[in-house]
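2 protein chains.
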Amino acid sequence: MQKGAIGMRPVYIFSVAAAATVAVGLFMSAAPMPANDGAPRYDAAGRLVFPADYRDWVFLSSGLDMSYIEDQPPAGVHIFNNVFVPREAYAAFLRNGVWPDKTVLLTEHRVGATNLSILKHGQIQTTNIVGFEAHVKDTRFKGNWAFYGFGNGQATAGEIPHGSDCYSCHQDHAAADTTFVQFYPTLLPVATALKTLSPSYLSETATPTSK
Amino acid sequence: MQKGAIGMRPVYIFSVAAAATVAVGLFMSAAPMPANDGAPRYDAAGRLVFPADYRDWVFLSSGLDMSYIEDQPPAGVHIFNNVFVPREAYAAFLRNGVWPDKTVLLTEHRVGATNLSILKHGQIQTTNIVGFEAHVKDTRFKGNWAFYGFGNGQATAGEIPHGSDCYSCHQDHAAADTTFVQFYPTLLPVATALKTLSPSYLSETATPTSK
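Keeping their order, the protein sequence lines are chains G and Z. In terms of this note's numbering, the first sequence has 189 at position 189, counting the first letter as 1, and numbering is strictly consecutive. In terms of this note's numbering, the second sequence has 223 at position 12, counting the first letter as 1, and numbering is strictly consecutive.
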């Protein structure tokens, strides 16, 4: 069994790789919707409701074929992950260097392609979405954070159990407020200036002062 | 002399490759700004004013190491291009499948990196920006469109001459309204549904009906 990691879920790459081999269909939630505060919504059972207007949020960054383990990712499968956060939460991070309560960071995993149209090299993003992850800051959770995974078109999701690797990995390696601000280029300078980088991140990136 | 193309300018890769070898410094214009109509602004000399609030616009897509020519891109240099468009223009495209007059599409070229923090594979985006391109729809121009290039921190730019390859390439290969909507996954279905795909694009992507 191959281990894989895209984003927060250590086994997520299984479904990504499998899903990438088939057409997943078009995802049509891109229409700008009325502004709201971007706070997480839960259904009566406490499941997170997928934030369908996320493409109207602030774009944090996009990575390609990201993996946190040494094993090579599967050949021939290319996945972009685009990260978005509600505008109010983004503005609050710019002021404080941490996220406000009720912040949702939403990662969209989208299949890449090359040799499409006149493209000869490199990767562009296609209409095929293979899934989403949400990272929610909310005082309702143990430790004030929870993770969720959504398949494309899935309306609600239950919390990923708090013993999962995503929680400890974010706690141990994320640059600011348990989020991977080291991969969000407009926010890393903010957290640096406001001195909200985590001790563990600073320790990992410290320049040795002696041999 | 190596030919290269990132985005619209056939020789742009020269400056990208050169700039990518040095730290370009931080770009701090990411703060959300008051909403405006996103229309292009020109100075008294007719030069386009850089739209400093572009990260507050709608994210269209991100590509990595895109090139339109057969030659291999330079080894070891990775560039993401993130494309943004004003919210009002995006909403108009959703309705009409074409851009309204006074639309600016802004491409940000940002240096990628791997082996950063806990990343073992793939590419993430760094704080180093190597430049920008703008594609402006405005009846003031011959053919109603013009292209511009900006270095990082450059406040204004003059129009790229209309005989340049970017104009003919967009005219001949762009999927809708002279823009590469085939690389913007939330808009391709819109242009398809609204039947605004260009005849040349439809011809290039047509499935042969006979051998």
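If you're looking for bench data, these hints aren't it; they were derived computationally from the structure. A hint or two may mislead.
FRET-style restraints, in silico, Cβ to Cβ [stated by the list, open to error]:
(1) Gly158/G with Val260/Z: 42 to 50 Å
(2) Gly163/G with Gly362/Z: 45 to 53 Å
(3) Arg306/Z with Val49/G: 37 to 45 Å
The model shown is predicted, which means the values in this text are computed figures rather than measured ones. The beta-carbon is built from N, C-alpha and C at its ideal position, and this holds for glycine as well.
Going through the hints against the structure:
1. Gly158/G with Val260/Z: 42 to 50 Å: holds (49 Å)
2. Gly163/G with Gly362/Z: 45 to 53 Å: Holds, at about 49 Å.
3. Arg306/Z with Val49/G: 37 to 45 Å: This hint is violated: roughly 27 Å between Cβ atoms.
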